[in-house]
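A.B. asks: Generate the whole structure from the sequences, applying the supplied hints.
What follows is the residue order along each chain.
2 protein chains.
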Amino acid sequence: MTKKNRTMALGAFLPAPGHHLAAWRHPESHPQGGLEFDYYRRLALAAERGMFDLMFLSDGAGVRTAYKDADELSRQGRMVHFEPITLLSALATHTSHLGLVATASTSYNEPFNIARKFSSLDFLSNGRAGWNVVTSATDAEAKNFNLERQAPHADRYARAREFMEVVTGLWDSWEDDAFQFDKDSGRFFDPEKLHILNHQGEHFQVRGPLNLARSPQGQPVIVQAGSSPDGKDFAAHWAEVVFTVQQNLEAAQEFYRDVKQRAQDAGREPDQLKVLPGVFTVVGETHDEAEEKYQQLQSLVDPVVGLGMLSYQLGMVDLTGHDLDGPLPEMPAIEGSTGKQNVIVQHARENNLTIRELYLSIAAGRGHRFLLGTPVEIADQLEEWFVAGAADGFNVMPDMLPRGLDDFADLVVPELQRRGLVRTAYEGTTLRENLGLHRPAHRH
Amino acid sequence: MTKKNRTMALGAFLPAPGHHLAAWRHPESHPQGGLEFDYYRRLALAAERGMFDLMFLSDGAGVRTAYKDADELSRQGRMVHFEPITLLSALATHTSHLGLVATASTSYNEPFNIARKFSSLDFLSNGRAGWNVVTSATDAEAKNFNLERQAPHADRYARAREFMEVVTGLWDSWEDDAFQFDKDSGRFFDPEKLHILNHQGEHFQVRGPLNLARSPQGQPVIVQAGSSPDGKDFAAHWAEVVFTVQQNLEAAQEFYRDVKQRAQDAGREPDQLKVLPGVFTVVGETHDEAEEKYQQLQSLVDPVVGLGMLSYQLGMVDLTGHDLDGPLPEMPAIEGSTGKQNVIVQHARENNLTIRELYLSIAAGRGHRFLLGTPVEIADQLEEWFVAGAADGFNVMPDMLPRGLDDFADLVVPELQRRGLVRTAYEGTTLRENLGLHRPAHRH
Ligand SMILES: Cc1cc2nc3c(=O)[nH]c(=O)nc-3n(C[C@H](O)[C@H](O)[C@H](O)COP(=O)(O)O)c2cc1C
Ligand SMILES: Cc1cc2nc3c(=O)[nH]c(=O)nc-3n(C[C@H](O)[C@H](O)[C@H](O)COP(=O)(O)O)c2cc1C
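First to last, the sequence lines map onto chains A and B. Position 69 of the first sequence, counted from 1, bears residue number 61 in this note's numbering, the numbering being contiguous throughout. Position 58 of the second sequence, counted from 1, bears residue number 50 in this note's numbering, the numbering being contiguous throughout.
Please note that the accuracy of each hint is not assured.
Which copy? The list can't say, so a pair holds if one copy fits it or any two copies do.
No farther apart than 16 Å at their CA atoms in a straight line, the calculated lysine to aspartate or glutamate pairs in the EDC-like style are these [said to hold, decoys possible]:
id	residue 1	residue 2
1	Lys332	Glu425
2	Lys185	Asp63
3	Lys175	Glu20
4	Lys60	Glu184
5	Lys185	Asp169
6	Lys175	Asp294
7	Lys185	Asp174
8	Lys60	Asp131
9	Lys185	Glu369
10	Lys185	Asp250
11	Lys332	Glu281
12	Lys185	Asp168
13	Lys185	Glu242
14	Lys175	Glu407
15	Lys185	Glu64
16	Lys185	Asp61
17	Lys185	Glu261
18	Lys175	Glu369
19	Lys332	Asp222
In case anyone wonders, no lab produced these hints; they're calculated from the structure.
C.D. replies: Shown next as structure tokens:
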């Protein structure tokens, strides 16, 4: 094993009560945790104990589902949870090193509001805010925002690009030292250091300035997870952390090379964009124990829920009427984003899976890489990808919370630390410092 | 003095570093407090020590100003501060009884996002969230949201009314006991207890459901401060707490009667709408000490800032070119909202004030009632209005923070408690319980 002088970046992706589709039904799970602050506080502290760079909260602008009716929906285990920015604002004051990354959609927000909220979170956390930029992906969300269906994929990304120009422009409304609060002269700020954005674009006309000073990190860290060509170009221009769904080493290496190359082509240092594939984890003290944990969760998957999740992951493809014990039918083309559908279909074809086997096989990580075993086994697999140029780190998706996160923090991380692959103390106090990202210079 | 078996509702209106226009220039002030969590934590704890029902944060969707250029603007003391919902989310976990009321505009937000954020805050605080509903009032804000100027007053209120229908509808997406998390049957919730809103209106088409359960208070408390006829009608239908600018007892009594009558006409119990006039306070152990504190702040008012504030308070009326030591010119009619302009103009005419005298006279409370003196003197004045049917309580606006809030909590409140006018212990843990507001029944 090669010792590297760089260490892995670790994200903790923390949907209550865990990533496995049936986690909420596990006897030890606490399904109401999604709306309990103490539950999340405990998770955040576990992530900090485990030297994670950041915790990550996904988000939808509504209940995203492919279930046909309330009866089917009622069997789904996630659905109601804290709004991420409010939750992370509260967690900011109970943690001291953990990055706090919330998802928010460029399709259903205004840039001025988003710029403010993330800047405010950056102040509350003394420089630990991150924004996972998404364009959203369902008509269910569009219907909460005056639309019958969502805008076409290309339009969503066009809006997202302009959205980023506005938001980053607003974040530079004031130079870092604009506010001197000079009581004697009566000057609150130096007028030379105020910059009015006056953005006039196709989607947005935004004057500015932002009503917050430049935040501790200069800008919150930009996170993104697009995998379409538009998504990867977006990442190349804007993202500092990229989450991605990768099943096998070669494809992951190819993605890694591709997105770093695109960043370089966009004039950026490739090192300033960190690639974090998702890994679904089941940790046991022995391999058998991990396997047992997994089988217990698998046995709790309701076929209705499994099929609904599969349909959602394939891009809202309706699978009703197909034999669960027969093969996956041909997929209709979905508009725009096809990355995840491809990964899943390929996985089904390669392994000759029936529909039931397919949904069971992704009930855990929904297409993400699946790691099950002892701390040493899991560390081996993480190290393999890390040294092979497939990842700068990983977005860890525990099967069940808090147990799965505790296991990772207390069993896997020490093993990675022994190998010099994970820090033993935080390098700094801001998310940028810990990830090794530059603090962006003010544009003026 | 009549003992009442009801007690005053107390709001603490807490813009850093205090309400006086020149508070930030005071030698003891901490002007950077608007972006420091510890500063606000200290304020929230002082408000809780003082048995306040709630703390209140105003908000603008941008820097609201009537200053002509950056040079003038740079002399203004407020401008950059936390976004209120994020700040209150953080404060929620450091307080246990204080209501947390954030301002948010119906003109520059989407109802789905607002419903989520306040519901999330209600969960984080275990039932202490309130929303101060505003329609915004400046073109400066409109310019941050794709507009050259704001929509006409009547249109803003029309949108606000429909906005409330959507938001309250979303808050009733799920019945209180919808989520039973039945692990055995695999039902996360009872499908009979889900209600899809399907709102189809003029401004909004919103399907729902909200991705949060019904919150601890059923609904966050609705606060409002409109004073136009549209504003008062809005209050009568929706508001549970009304803030108001009142200078004299008779007008305050008239406002109180009017808005309670309107509530009754709208089919509500008048008692379920609490009227809280704002009171700007300067507290001293002796009257002279209070007067000295006040004069020190007055001496720090920059004429440029005074004039800009006056112009803003009059509804963006340009006063340049007028002699500061001459009378206020005739006011141009402002569209829609005229309540505050009227109060100020009347005040100037009645007291024969020059422009300079006028801005100095409102540099403290910006038109709000002005209370200066000893704890006994201030308690007398609060009691007078309270027993005379002019107020259910007060929104306290300290001259300078934290000093002015500490003085109110530690000197004025004990005096009010001796008179039986303020609680000595919180009645409950939710804002509704403390204000004596019903928890709204679910609509289905
Ligand atoms: C780890 C991970 C987390 C994601 N979280 C969200 C999310 O919270 N909300 C969302 O709308 N999309 C989320 N996505 C989806 C992506 O943001 C993106 O929309 C999707 O990968 C399709 O991208 P594309 O359209 O560029 O192919 C996530 C994707 C990944 C890999
Ligand atoms: C105590 C108080 C606080 C207020 N806070 C805000 C605020 O934070 N943001 C805002 O846009 N307007 C605020 N206002 C203004 C009112 O919400 C309202 O827009 C204004 O009184 C005009 O109402 P009208 O148009 O019905 O006359 C406040 C008013 C009062 C009395």
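A.B. asks: Given identical chains, is Lys332 near Glu281, meaning Cα to Cα at most 16 Å, within a copy, between copies, both, or neither?
C.D. replies: neither (30 Å within a copy, 70 Å between copies)
A.B. asks: State whether the alpha carbon distance between Lys185 and Glu261 is at most 16 Å within one copy, between copies, both, or neither.
C.D. replies: neither (28 Å within a copy, 53 Å between copies)
A.B. asks: When no copy is named, should Lys185 and Asp250 be tagged within, between, both, or neither for a Cα gap of at most 16 Å?
C.D. replies: Neither. Shortest intra-copy (39 Å) and inter-copy (48 Å) distances fail the 16 Å Cα cut-off.
A.B. asks: First find the shortest C-alpha distance between Lys175 and Glu407 inside one copy, then the shortest across copies, and answer within, between, both or neither for a cut-off of 16 Å.
C.D. replies: For Lys175 and Glu407, the Cα distance exceeds 16 Å both inside one copy (54 Å) and across copies (35 Å).
A.B. asks: Given a CA cutoff of 16 Å, do Lys60 and Glu184 count as a within-copy pair, a between-copy pair, both, or neither?
C.D. replies: Result: close only across copies, 15 Å inter versus 58 Å intra.
A.B. asks: Using 16 Å as the alpha-carbon threshold, which applies to Lys185 and Glu64: within, between, both, or neither?
C.D. replies: between (56 Å within a copy, 14 Å between copies)
A.B. asks: What label fits Lys185 with Glu242 when the C-alpha limit is 16 Å: within, between, both, or neither?
C.D. replies: neither (49 Å within a copy, 48 Å between copies)
A.B. asks: Check Lys175 against Glu369 for me: Cα-Cα at most 16 Å, and say if that holds within a copy, between copies, both or neither.
C.D. replies: neither (61 Å within a copy, 32 Å between copies)
A.B. asks: Tell me, please, which holds for Lys185 and Glu369 at an alpha-carbon limit of 16 Å: within, between, both or neither?
C.D. replies: Answer is neither: 54 Å inside a copy and 45 Å across each miss the 16 Å cutoff.
A.B. asks: Classify it for me, Lys175 with Asp294: is the Cα-Cα distance of at most 16 Å met within a copy, between copies, both or neither?
C.D. replies: Result: close only across copies, 11 Å inter versus 66 Å intra.
A.B. asks: At most 16 Å between alpha carbons: which applies to Lys185 and Asp168, within, between, both or neither?
C.D. replies: So Lys185 and Asp168 pass the 16 Å test inside one copy only (8 Å; across, 51 Å).
A.B. asks: Cα distance capped at 16 Å. Does Lys185 pair with Asp63 within a copy, between copies, both, or neither?
C.D. replies: Answer is between; shortest inter-copy Cα gap is 11 Å, intra-copy 58 Å.
Of the hints listed earlier, those the structure fails to meet are numbers 1, 9, 10, 11, 13, 14, 17 and 18, in rising order.
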